[in-house]
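Novice: Given next are the chains, with one letter for each unit.
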Amino acid sequence: MVVLNMQPLAVGQVMKQSESILDIKDLTVSRSGKVVLNKVDLAVKKGEFIGLVGPNGSGKSTLLLAILGVLKAQQGTIDIYGHKPMSRNILGKIGWVSQAAAVMPKNVRITVRELIQLGTLNSRNMFLRRRSIHREKVDRAMEMVGLEGVGDHDIARLSGGQRQRAVIGRALASEAEFILLDEPLVGIDRNSRNSLLKLLDKLCHDENKTILMVSHDLAAIRQTAHRMIYLEESIRFDGPTQEFPDLTSLAGLRGIEPVHGHEHETNISNSIMIETDNAELSKKEEE
Amino acid sequence: MGIGMMILDLVSPILEFIAPMVPGDTFPYFFTMEMFQRALVAAILVTMVAGVLGSFLLIRNLALIGDGLAHVSFGGVAVGVVLGASSPLWYALVFSVISAIIIHEMQTRELLTGDASIAIFLTGMLALGLVVLRVFGGGITSDIEGYLFGSLLLIDEQSLDLIATITILSLISLMALYSGLLSTTIDPLAARVQGLPVRAIGLVFSIITAAVVVSMVQVIGALLVTALLVTPAATAQLVGRSFRSCLIWTQIFGLSAVFLGLYFSAEHDSGSGAMIALVAASLFAIVAIFKTVVLGLMSPKDNF
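Chains as they are written, first to last, in the working numbering: chain S, 315 to 601; chain Z, -8 to 295.
Misleading hints may appear alongside valid ones.
Claimed, not checked - Over the 12 Å line for every Cβ pair with chain S, so calculated as not near, a few chain Z residues:
{"no.": "1", "residue": "Gly(-7)"}
{"no.": "2", "residue": "Ile177"}
{"no.": "3", "residue": "Asp178"}
{"no.": "4", "residue": "Ala181"}
{"no.": "5", "residue": "Phe250"}
{"no.": "6", "residue": "Asp260"}
What the hints assert, rightly or not - What follows is a set of in silico ranges between Cβ atoms, one per label pair, in the way DEER data are often shown:
{"no.": "7", "chain 1": "S", "residue 1": "Gly460", "chain 2": "Z", "residue 2": "Phe140", "range": "30 to 36 Å"}
{"no.": "8", "chain 1": "S", "residue 1": "Thr555", "chain 2": "Z", "residue 2": "Arg100", "range": "41 to 47 Å"}
{"no.": "9", "chain 1": "Z", "residue 1": "Ile163", "chain 2": "S", "residue 2": "Glu521", "range": "15 to 21 Å"}
{"no.": "10", "chain 1": "Z", "residue 1": "Met166", "chain 2": "S", "residue 2": "Asp340", "range": "46 to 52 Å"}
{"no.": "11", "chain 1": "Z", "residue 1": "Ile163", "chain 2": "S", "residue 2": "Ser548", "range": "31 to 37 Å"}
{"no.": "12", "chain 1": "Z", "residue 1": "Asp147", "chain 2": "S", "residue 2": "His397", "range": "56 to 62 Å"}
{"no.": "13", "chain 1": "S", "residue 1": "Asp340", "chain 2": "Z", "residue 2": "Leu194", "range": "48 to 54 Å"}
{"no.": "14", "chain 1": "Z", "residue 1": "Arg100", "chain 2": "S", "residue 2": "Asn403", "range": "26 to 32 Å"}
{"no.": "15", "chain 1": "Z", "residue 1": "Ile93", "chain 2": "S", "residue 2": "Val500", "range": "33 to 39 Å"}
{"no.": "16", "chain 1": "S", "residue 1": "Asp520", "chain 2": "Z", "residue 2": "Ile93", "range": "50 to 56 Å"}
{"no.": "17", "chain 1": "S", "residue 1": "Arg449", "chain 2": "Z", "residue 2": "Ile93", "range": "38 to 44 Å"}
{"no.": "18", "chain 1": "Z", "residue 1": "Arg100", "chain 2": "S", "residue 2": "Asn436", "range": "23 to 29 Å"}
Claimed, not checked - Going by beta-carbon spacing under 7 Å, a handful of chain S positions derived as facing chain Z:
{"no.": "19", "residue": "Ser412"}
{"no.": "20", "residue": "Val417"}
{"no.": "21", "residue": "Val422"}
{"no.": "22", "residue": "Glu428"}
{"no.": "23", "residue": "Leu435"}
{"no.": "24", "residue": "Asn436"}
{"no.": "25", "residue": "Met440"}
{"no.": "26", "residue": "Glu462"}
Hints listed in this document are in silico derivations from the structure and should not be mistaken for laboratory results.
Positions of the beta carbon are idealized from the N, C-alpha and C atoms, including for glycine.
Extracted from the complex, chain Z is given alone in its bound form:
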């Protein structure tokens, strides 16, 4: 039994205890049926680590790398499916990590400036996936669509174990690297003078990003990964005053988006991934409008 199923065993009584208080007709099943419990636990784990990672991505101006690596993961999934793998996520993980390392090296060696290397990998790997599926597989089946737009039904026991292992390891690494990451992001030269291994930190960060993105693909879908990776962190930036408080706000916005998104999608039978992304974007819009209005009315002198 893997770590994911162990966590599920731990929280499942708690979820069942909460279930009677949960509103809606279908939504309570997320707290009672094991299949949906798996999905809920995976969604919560993924959202938590995505929030921390996203906060760092945002300040490193790497908001789109998640999108790029998610498309790369899709290419990996496609290759895995065609080769008949029982768990194509492993292929996605290998593709994503290797691509992240190459993108990182291309950027630090300044072979290509800015986002160009991300763009090349994004389109190249997506195309590989599509071509491979057309030629050797059955094209875009419902399973494949699940990887593109997220499908909670895809999260079997094996997936949950992989997702839980990735998220927990990533969360621990991000916390251990917290100060180093902040330091190298804000002033890389000063960090280097202090003796921090700037390049190694960047490389490890890229690998963590690649792994986390793979863990998110089933929950929210390759095309929508950015919604949980960047949107909650961006919303938090509107509210928080320090980096630490931004991290906490990111969790609040991310988890709200997941719970509300799952609730609405369950009640209205819309896709869960799309609904979570929609709620996350709406939260951003509401906070942004509220902030502009409040700042505009309350303290014009502060708004320089």
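The shape of chain S in the complex, shown without the other chains:
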């Protein structure tokens, strides 16, 4: 009876405000006999912008593939919008943005519009498609990624940054709410990188998209993400970006002992400073 005295309305409001869209519990995934993810727990709320970092082979891509439902978990559960991954009920809610530099074939003659149109495709409308219904979605997606002027351009002739935008546009055309990005900053010059980050930031704030982005570029991801996750087989850090440790403490998280003592440490912090400076500089250049 005491329970009834709680304020259900307030609880409801809180629930709505921080609606959880992804709930991973105790996830363990092995690939070719090797444990890649070990007991990962992760919850993502609507509207978050999460940066997922970690060294090569630390399980970042594996985690993304498990969330997408392409890889099966040996143990643990993944709950996405209240369903299992790849369930029919969540089709179209999740947008996958692959690394354009690696995935987009360069020998294909396909225009930006043709690529973004593919985003509107699903198993129901695959065979019979009436273009007019989707035109609005495609136009809006092209506008959001700022490619409305180059709709008829061949993808192969775009710059790396524009090509990545086109791939993001494809995900947006499906009206996905939760967007997963795999290393979108690879092969992109610094100016395009900054405007790409601004685009993602805008998608998160203005369009209320939830974003989970994997990147090697620590400086860049810290500029934009609200929350950082450091993954190396298991989650070693998960918290607000401003609390994300500098590289020395990160080495501690990974259990790496400094080799050169103090000297090494200053080198690292110098290199971070240079990277951040560069990022800020190019930001100013752009403005």
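Please build the complex by placing chain Z on the supplied structure of chain S, with the hints as guidance.
Specialist: Relative to the frame of chain S, chain Z by itself:
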């Protein structure tokens, strides 16, 4: 009466109407004599579907699968001939489709990487055909040669019906699968996340490829199938800007190759299949040279 003969009945008055305007001494017979009309209709149908299929093969990096399946078809034809079949194309169809399914499964299950599975089927089935012909049949007769290099004389009413049925069904399926194929080719993972049946689409595509290749064997020959399957599509890639425009350009180059090839072969009495392949390759060379020269002279700044 099958669908092929129905189409022939429909277009035959049109062909006869065009005939007086057609140049050459022998070439006009393609428009007036039923035997040659059959060949012409089969060639046009096959070229159209080969162009659409080839455009997809090219972007899927599967340019050589046509060649592989054509050799498999030859093995099937040989077995059919030895068993005394009236229409060995049916044997070719069964061999080709089964091989295509196995090759597709081997590739998706990553049992063998890249083209290795195609290479094994290509040589294995060609060898089967040759051995079977030597041991049980009369070796390489002129009929058998017709299947290797293409022979319009082989296209009887039964063949035309089979060719027309295959090409029309394939064309309809390719058009229905158009977006799905493009999507799964360009980014298979994204397609899967969108809920598209990526594997099923790949499998259906393999079966269509196998069937289309069989329909091409009599027209252009098992050894020359790639000339109509890949060359026009590759030429189109030099000209087109979008996938859609590439499809249209492929038809233009493919049909030009067929008409010019048939014309030259009729006038000079060379093999039709070889001449079509030669014209297709020449068209590619001309467009490639023209493009390089024009791009080099006109817009060096655009040519990065």
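Novice: Hints first: check each against the structure and report whether it holds.
Specialist: Against the structure, the hints:
1. Gly(-7): holds (26 Å)
2. Ile177: Incorrect as stated: the minimum Cβ-Cβ distance to chain S is 7 Å, not above 12 Å.
3. Asp178: violated (6 Å)
4. Ala181: violated (5 Å)
5. Phe250: holds (25 Å)
6. Asp260: The claim stands: Asp260(Z) keeps its Cβ more than 12 Å from every Cβ of chain S (closest is about 38 Å).
7. Gly460(S) with Phe140(Z): 30 to 36 Å: Distance hint for Gly460(S), Phe140(Z) is violated at roughly 54 Å.
8. Thr555(S) with Arg100(Z): 41 to 47 Å: holds (42 Å)
9. Ile163(Z) with Glu521(S): 15 to 21 Å: The hint (15 to 21 Å, Cβ to Cβ) is violated, given that Ile163(Z) and Glu521(S) are roughly 39 Å apart.
10. Met166(Z) with Asp340(S): 46 to 52 Å: Holds - the Cβ-Cβ distance for Met166(Z) and Asp340(S), about 47 Å, lies within 46 to 52 Å.
11. Ile163(Z) with Ser548(S): 31 to 37 Å: violated (52 Å)
12. Asp147(Z) with His397(S): 56 to 62 Å: holds (57 Å)
13. Asp340(S) with Leu194(Z): 48 to 54 Å: Violated: the Cβ-Cβ distance is about 36 Å, outside 48 to 54 Å.
14. Arg100(Z) with Asn403(S): 26 to 32 Å: Holds: the Cβ-Cβ distance is about 29 Å, inside 26 to 32 Å.
15. Ile93(Z) with Val500(S): 33 to 39 Å: Once the Cβ atoms are compared, 37 Å apart, the range 33 to 39 Å for Val500(S) and Ile93(Z) holds.
16. Asp520(S) with Ile93(Z): 50 to 56 Å: holds (51 Å)
17. Arg449(S) with Ile93(Z): 38 to 44 Å: For Arg449(S) and Ile93(Z) the Cβ distance comes to about 42 Å; the hint holds.
18. Arg100(Z) with Asn436(S): 23 to 29 Å: Since the Cβ atoms of Arg100(Z) and Asn436(S) sit about 26 Å apart, the hinted range of 23 to 29 Å holds.
19. Ser412: holds (6 Å)
20. Val417: holds (6 Å)
21. Val422: Since the shortest Cβ distance to chain Z is 5 Å, the answer is holds.
22. Glu428: holds (6 Å)
23. Leu435: Holds, about 5 Å.
24. Asn436: holds (5 Å)
25. Met440: holds (5 Å)
26. Glu462: Not OK, violated: Glu462(S) not within 7 Å of chain Z, min 17 Å.
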